[in-house]
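Participant: Build out the structure end to end from the sequences listed, making use of the hints.
First to last, the sequence lines map onto chains A and W. Per our numbering, residue 3 is the first one in the first sequence, and the count goes up by one each step. Per our numbering, residue 514 is the first one in the second sequence, and the count goes up by one each step.
There could be a bad hint or two in this list.
Here are the in silico distance ranges between beta carbons for each label pair [said to hold, decoys possible]:
#	chain 1	residue 1	chain 2	residue 2	range
1	A	89	W	782	22 to 30 Å
2	W	869	A	273	40 to 48 Å
3	W	835	A	273	44 to 52 Å
4	A	242	W	770	50 to 58 Å
5	A	9	W	782	29 to 37 Å
Partial pick of chain A residues on the chain W-facing surface, computed with a CB cut under 8 Å [said to hold, decoys possible]:
#	residue
6	87
7	173
8	370
9	400
10	404
11	408
12	409
13	413
14	414
15	415
If you are wondering where the hints come from, they were derived from the structure by calculation, not from laboratory data. Ideal Cβ placement from N, Cα and C applies to all residues, glycine included.
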Amino acid sequence: MSDTRSRFEVVVVGAGPAGLAAAAAAAECGRRTLVLDATPWLGGQIWRGREAKGGPGSAKRWLARLQAAGAAVARQTTVVASPGPGVLLAESPEGPREIEWEKLILTIGARELFLPFPGWTLPGVVGIGGLQVLVKGGWPLAGKRIVIAGSGPLLFAAAAEYRAAGADVVLIAEQADLARLVRFGLSLPRLAPGKILQAAQYQAALLGVPYRTGCWAVSAQGADRLEGVTLRSARRTWTERCDVLATGFGFLPNLELPRLLGCRTENGAAVVDDRQESSQAGIFIAGEPTGIGGEGRALVEGLIAGFAAAGRPERAGRLWRKRRRALAFSRAMDRAFALRDEVRDLASPETPICRCEDVPRRDLEKYGGWRAAKLHTRCGMGPCQGRICGGAVEKLFGWDAASNRPPVFPVSIGTLREPDPRPSGASD
Amino acid sequence: MSGWDVAVVGAGIVGAACASECARAGLSVIVFDRGPVGGGATAAAMGHVVVMDDSEAQFALTSFSRRLWRDLAPELPADVHFEACGTLWPAADEEEMAEARRKAEFLRGRGLRAEILDEDGIREAEPNLRPGLRGGLLVPDDSVLYPPSAALFLLGRAPRNKIVLRTGADVRALDPDGGVVLGDGSRISAGLTVNAAGCWSPDLTAGLPVRKRKGHLVVTHRYPGHIRHQIVELGYLKSAHSVSSDSVAFNVQPRSNGQMLIGSSRQYGAERPDVEFGILRRMLERAALYLPSLERLTALRSWAGFRPATPDKLPFIGPSADNQKIWLATGHEGLGITTSLATGRLLADMILNRPEEIPSAPYSPARSLPEDKAHD
Numbered sequence: 003m004s005d006t007r008s009r010f011e012v013v014v015v016g017a018g019p020a021g022l023a024a025a026a027a028a029a030e031c032g033r034r035t036l037v038l039d040a041t042p043w044l045g046g047q048i049w050r051g052r053e054a055k056g057g058p059g060s061a062k063r064w065l066a067r068l069q070a071a072g073a074a075v076a077r078q079t080t081v082v083a084s085p086g087p088g089v090l091l092a093e094s095p096e097g098p099r100e101i102e103w104e105k106l107i108l109t110i111g112a113r114e115l116f117l118p119f120p121g122w123t124l125p126g127v128v129g130i131g132g133l134q135v136l137v138k139g140g141w142p143l144a145g146k147r148i149v150i151a152g153s154g155p156l157l158f159a160a161a162a163e164y165r166a167a168g169a170d171v172v173l174i175a176e177q178a179d180l181a182r183l184v185r186f187g188l189s190l191p192r193l194a195p196g197k198i199l200q201a202a203q204y205q206a207a208l209l210g211v212p213y214r215t216g217c218w219a220v221s222a223q224g225a226d227r228l229e230g231v232t233l234r235s236a237r238r239t240w241t242e243r244c245d246v247l248a249t250g251f252g253f254l255p256n257l258e259l260p261r262l263l264g265c266r267t268e269n270g271a272a273v274v275d276d277r278q279e280s281s282q283a284g285i286f287i288a289g290e291p292t293g294i295g296g297e298g299r300a301l302v303e304g305l306i307a308g309f310a311a312a313g314r315p316e317r318a319g320r321l322w323r324k325r326r327r328a329l330a331f332s333r334a335m336d337r338a339f340a341l342r343d344e345v346r347d348l349a350s351p352e353t354p355i356c357r358c359e360d361v362p363r364r365d366l367e368k369y370g371g372w373r374a375a376k377l378h379t380r381c382g383m384g385p386c387q388g389r390i391c392g393g394a395v396e397k398l399f400g401w402d403a404a405s406n407r408p409p410v411f412p413v414s415i416g417t418l419r420e421p422d423p424r425p426s427g428a429s430d
Numbered sequence: 514m515s516g517w518d519v520a521v522v523g524a525g526i527v528g529a530a531c532a533s534e535c536a537r538a539g540l541s542v543i544v545f546d547r548g549p550v551g552g553g554a555t556a557a558a559m560g561h562v563v564v565m566d567d568s569e570a571q572f573a574l575t576s577f578s579r580r581l582w583r584d585l586a587p588e589l590p591a592d593v594h595f596e597a598c599g600t601l602w603p604a605a606d607e608e609e610m611a612e613a614r615r616k617a618e619f620l621r622g623r624g625l626r627a628e629i630l631d632e633d634g635i636r637e638a639e640p641n642l643r644p645g646l647r648g649g650l651l652v653p654d655d656s657v658l659y660p661p662s663a664a665l666f667l668l669g670r671a672p673r674n675k676i677v678l679r680t681g682a683d684v685r686a687l688d689p690d691g692g693v694v695l696g697d698g699s700r701i702s703a704g705l706t707v708n709a710a711g712c713w714s715p716d717l718t719a720g721l722p723v724r725k726r727k728g729h730l731v732v733t734h735r736y737p738g739h740i741r742h743q744i745v746e747l748g749y750l751k752s753a754h755s756v757s758s759d760s761v762a763f764n765v766q767p768r769s770n771g772q773m774l775i776g777s778s779r780q781y782g783a784e785r786p787d788v789e790f791g792i793l794r795r796m797l798e799r800a801a802l803y804l805p806s807l808e809r810l811t812a813l814r815s816w817a818g819f820r821p822a823t824p825d826k827l828p829f830i831g832p833s834a835d836n837q838k839i840w841l842a843t844g845h846e847g848l849g850i851t852t853s854l855a856t857g858r859l860l861a862d863m864i865l866n867r868p869e870e871i872p873s874a875p876y877s878p879a880r881s882l883p884e885d886k887a888h889d
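Facilitator: This is how it looks when you write it as structure tokens:
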């Protein structure tokens with residue numbers, strides 16, 4: 003029992019940039035701090051692989067700072083439920099763990115937003131971020147013709163990585179219009195001077211790859227697997243032959259755990275105050291769950307949450323200006339990459355919206371809302387528990403597909419069940 | 514008079530069955546629900562169609578209704594996932610074995626199939642049950658289904674234009690002269706009104722002794738063939754009868770897609786709809802005691818819901834005690850899926866003065882009730 007239950011002054015869930023910053027800040031203030039993550043590495047999705055390889059950049063700096071601060075680390079540890087006030091239940095390689103917290107910081111990141119279109123379930127159509135992960139894991143891309151279609155700055159980063167892995171990136175299709183992107187580009191020197199260098203680096207790495215704005219994939223074709231993608235812009239519709247279509251329309255905050263803990267959300271993001279504290283006292287939220295903002299915003303929000311949770315509001319307060327800049331930058335990004343109506347509504351009546359339960363759009367749109375549709379079609383009831391189709395139906399029908407039922411992730415029944423079994427028959 | 518013959522409040526499986534029977538008999542019906550079809554206890558339920566024998570009246574209603582479900586089975590669309598998988602009642606010891614034999618005799622004596630299994634028999638029937646069980650009772654004609662789709666099917670089964678469905682409609686009050694008053698103050702008149710609002714029925718019929726009894730369920734990943742029958746512990750009777758304390762019982766169901774539903778729990782006095790971890794754990798612990806392999810299987814989701822319970826474990830079916838224009842079809846507790854069809858049939862028989870297929874008196878809202886011991 004003793005090794006399955008532990009207690010910390012500050013517990014940080016999620017070891018991406020926000021989580022590392024929060025844990026470092028809290029531990030630097032002398033708080034007994036634990037940071038845990040479902041992955042075997044530290045750094046979250048964005049810094050995947052950096053811990054092992056090291057290399058330049060902020061990942062290395064933050065990992066070093068965390069280590070110096072002396073926070074405890076738990077890898078491959080997935081929070082699945084909250085068995086009672088101030089306690090989390092997690093699944094780990096050593097079995098179930100109960101972790102008690104005095105202050106809790108949720109830095110649980112975001113997931114990719116997929117918008118269904120005819121053919122999106124063909125083999126060969128992949129998520130942009132998902133393909134990055136596969137490439138880092140050694141998935142062969144050499145000589146493959148790839149079209150990247152979607153939205154957001156991730157398109158560049160992904161294209162550079164695919165190309166470095168030997169792929170032939172045929173086209174990057176950005177759904178946002180050039181005019182919006184130019185306005186955003188012009189605001190960069192003011193909002194985020196560092197991003198200009200990054201953009202220049204991507205440009206060099208992507209020399210010769212066409213980047214089309216105001217352009218999106220309307221359908222994917224192929225018999226058994228992907229053979230080509232049909233794209234559309236204001237002026238024309240055409241088909242590109244390709245082996246892989248990488249798609250993604252930005253990110254959606256992960257809100258299952260905040261909702262399970264009773265934290266208020268609004269417009270698809272967690273509500274926090276100046277100190278990153280949620281509507282539940284003692285629970286702080288930083289990074290993507292408060293609104294998609296990328297690495298810079300995650301780091302500063304993480305620090306503020308860490309200092310505030312450690313009872314050092316004055317140190318948190320010194321970072322407010324920096325956070326204001328980060329928020330302005332993420333708002334400008336939202337405007338620049340706002341989804342056009344056409345891409346929300348590409349699915350045909352036959353297009354599957356829920357991949358787990360194989361529910362086409364036709365079966366969903368008879369219903370007036372998510373709950374009725376879910377009850378009668380079983381949409382969102384499969385293994386992903388609506389993580390993919392939930393975002394799609396929000397954009398497609400304007401339905402709120404929020405869920406707050408444990409477990410947060412599928413988990414073995416042995417983990418959910420009482421760690422110290424009572425003698426048989428004790429229940430009645 | 515203008516308006517509808519019948520207004521049904523509640524589009525759960527009971528309201529749907531009542532509306533369907535009335536409409537099929539030629540009455541015009543309007544159905545209200547503040548949520549979607551089958552969104553209350555129907556959505557939270559397991560969907561077990563089972564003959565129960567706590568009392569002769571319970572047996573009469575469940576066995577009649579099970580027959581109606583079996584008659585309807587060929588018409589049920591695929592999304593109702595109807596499976597005649599039977600119920601297996603494992604017996605842990607000699608005492609439970611005696612109970613299994615008693616139950617078997619009871620059922621056979623009334624012309625229903627029931628089979629006693631010995632140690633080898635139960636092992637063969639359900640190899641994943643824990644070793645050392647004494648035997649069990651197999652009731653082969655019980656079945657399982659997916660309740661929300663069944664409710665929707667029942668509403669759709671009525672002749673065209675005979676049922677109008679108004680979901681998302683908040684009924685504020687029942688009109689004593691027939692019909693309802695909606696949340697916006699508008700009135701819909703009807704010859705008579707059926708309160709089939711389940712746990713919310715006392716909000717519309719003051720003083721109705723229907724109480725919420727909370728339950729939890731867990732659903733797993735797909736493990737086709739892991740279990741083959743709905744399996745319910747005989748101790749379920751003890752726990753289902755306990756009217757005062759929280760209780761759990763082993764009750765698992767194979768779904769046609771290979772998933773398993775794991776139950777069950779019963780609580781009075783719990784008002785919040787959230788999943789409660791303490792009771793969830795006790796429930797899973799109880800389940801793992803019978804089905805040890807569950808430990809390694811993956812849970813996808815858990816949920817909680819409320820059953821509408823009455824003091825004598827029997828539903829209210831018929832005209833309310835003080836107003837012949839307000840009828841009741843509520844209080845089915847954990848047997849609403851099973852007994853929905855019989856409820857609808859019986860209610861329509863009474864409304865239309867047709868001969869009753871089973872006596873309706875035991876379910877009369879005017880019957881005398883035991884004192885509600887469950888009051889905390």
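Participant: Would you mind marking each hint as holding or not holding in the structure?
Facilitator: Comparing the hints with the structure gives:
1. The hint said 22 to 30 Å for the Cβ distance between residue 89 of chain A and residue 782 of chain W, and at roughly 23 Å that hint holds.
2. Checked against the hint of 40 to 48 Å, the C-beta distance between residue 869 of chain W and residue 273 of chain A comes to roughly 57 Å, which is inconsistent with it.
3. Restraint check, residue 835 of chain W to residue 273 of chain A: a C-beta distance of roughly 49 Å satisfies the suggested window 44 to 52 Å.
4. A C-beta distance of roughly 38 Å is found between residue 242 of chain A and residue 770 of chain W, which places it outside the suggested range of 50 to 58 Å.
5. Against the hinted window of 29 to 37 Å, the Cβ-Cβ separation of residue 9 of chain A and residue 782 of chain W comes to about 31 Å, which satisfies the hint.
6. Residue-level restraint check for residue 87 of chain A is violated (minimum Cβ-Cβ distance to chain W is 11 Å; threshold 8 Å).
7. At its closest, the beta carbon of residue 173 of chain A sits 38 Å from a beta carbon of chain W; the interface hint therefore is violated under the 8 Å criterion.
8. The interface hint given for residue 370 of chain A holds, since its Cβ lies 7 Å from the closest Cβ of chain W, which is under the 8 Å cut-off.
9. Checking residue 400 of chain A against chain W by beta carbon gives a least distance of about 15 Å; that is not within 8 Å, so the hint is violated.
10. For residue 404 of chain A, the suggested interface contact is broken, since its CB lies about 14 Å from the closest CB of chain W, more than 8 Å.
11. Hint status for residue 408 of chain A: holds, given a least beta-carbon distance of 6 Å to chain W, under 8 Å.
12. At its closest, the beta carbon of residue 409 of chain A sits 6 Å from a beta carbon of chain W; the interface hint therefore holds under the 8 Å criterion.
13. For the restraint placing residue 413 of chain A at the interface with chain W, the shortest Cβ-Cβ distance is roughly 6 Å, inside the 8 Å limit, so the hint holds.
14. With a cut of 8 Å, the hint placing residue 414 of chain A at the interface with chain W holds, because the nearest CB-to-CB distance is about 6 Å.
15. The closest approach between the C-beta of residue 415 of chain A and any C-beta of chain W is roughly 5 Å, which is under the 8 Å cut-off, so the hint is satisfied.
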